[in-house]
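Engineer: Note that the working numbering gives residue 155 to position 155 of the sequence shown, counting from 1, and the numbers run on in steps of one.
Please keep in mind that the hints were generated in silico from the structure rather than gathered at the bench.
It should be emphasised that the depicted structure is a prediction, and the values quoted were computed from it without experimental measurement.
Take the hints with a grain of salt, since some may be wrong.
If you anchor each label on the Cβ, the simulated ranges turn out as follows [claimed, not checked]:
{"hint": "1", "residue 1": "153", "residue 2": "121", "range": "44 to 52 angstroms"}
{"hint": "2", "residue 1": "150", "residue 2": "82", "range": "22 to 30 angstroms"}
{"hint": "3", "residue 1": "2", "residue 2": "147", "range": "42 to 50 angstroms"}
{"hint": "4", "residue 1": "160", "residue 2": "32", "range": "50 to 58 angstroms"}
{"hint": "5", "residue 1": "138", "residue 2": "11", "range": "37 to 45 angstroms"}
{"hint": "6", "residue 1": "5", "residue 2": "45", "range": "44 to 52 angstroms"}
A virtual CB, placed ideally from N, CA and C, is assigned to each residue, including glycine.
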Amino acid sequence: MWTDINNVQAHAKERIGYPTQKPLALLRRIIEMASNEGDMVLDPFMGGGTTVTAAAELKRHWIGIDQSVQAVKVTELRLMNARDLFSESFVIQLHQYDYDTLRYQNAFAFETWIIEQYGGTPNTRQRGDLGIDGKTRDGVPIQVKRSDDIGRNVIDNFHSAIMRDDKVLYERNKSENA
1 MWTDINNVQA HAKERIGYPT QKPLALLRRI IEMASNEGDM VLDPFMGGGT
51 TVTAAAELKR HWIGIDQSVQ AVKVTELRLM NARDLFSESF VIQLHQYDYD
101 TLRYQNAFAF ETWIIEQYGG TPNTRQRGDL GIDGKTRDGV PIQVKRSDDI
151 GRNVIDNFHS AIMRDDKVLY ERNKSENA
């Protein structure tokens with residue numbers, strides 16, 4: 001048992017927000033114990049890319065696989081932000097999804113996927129997000145619906161959510177600057 005490696009804390013610098021993220025130090029230690037520089041590391045459940053990041057840092061070749069488009073996108077962003085780790089290029093492959101695959105995907109996974117396709121950041125709260133599923137890089141609220149029936153009520157509710165969110169941000173900024 002290792003007691004010198006802690007969980008990834010909510011405000012840790014290495015935190016990327018992926019729900020199953022493991023500490024980078026843990027993956028480094030496992031990879032160092034199980035492989036040598038130049039060896040291949042396979043992560044068939046890549047998630048947020050911690051294993052492939054650790055492998056790259058330790059000069060291992062790596063293959064990361066995940067069925068979740070969100071996981072691949074999170075890892076891609078993580079690797080793009082750490083380009084200095086790579087002496088060679090890497091390839092990210094995404095498979096296309098058809099309408100039925102997306103329509104019947106888990107609702108939260110679908111929301112996350114759509115928001116990330118627009119370069120946004122998903123709201124990590126699956127419940128109680130108060131009508132805002134994510135935001136663009138500029139902070140513009142995003143709401144994702146899979147229904148074929150998007151009417152006035154849905155638009156009005158989203159408008160209310162935006163107004164509520166804007167008020168919360170206004171009050172927070174006001175108290176921080178007081």
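Engineer: Give a verdict on every hint.
Structural biologist: Results of checking the hints against the structure:
1. Between residue 153 and residue 121, the C-beta spacing of about 27 angstroms breaks the proposed range 44 to 52 angstroms.
2. For the pair residue 150 and residue 82, the supplied restraint of 22 to 30 angstroms is violated, since their beta-carbon distance comes to about 39 angstroms.
3. Under the hint 42 to 50 angstroms, the C-beta atoms of residue 2 and residue 147, about 48 angstroms apart, fit the expected range.
4. Between residue 160 and residue 32 the beta carbon distance is about 52 angstroms. The supplied range of 50 to 58 angstroms therefore holds.
5. In this structure the supplied range 37 to 45 angstroms is violated for residue 138 paired with residue 11, their Cβ-Cβ distance being about 23 angstroms.
6. Between residue 5 and residue 45 the beta carbon distance is about 20 angstroms. The supplied range of 44 to 52 angstroms is therefore violated.
When the structure is compared with the earlier hints, violations turn up for hints 1, 2, 5, 6 and for no others.
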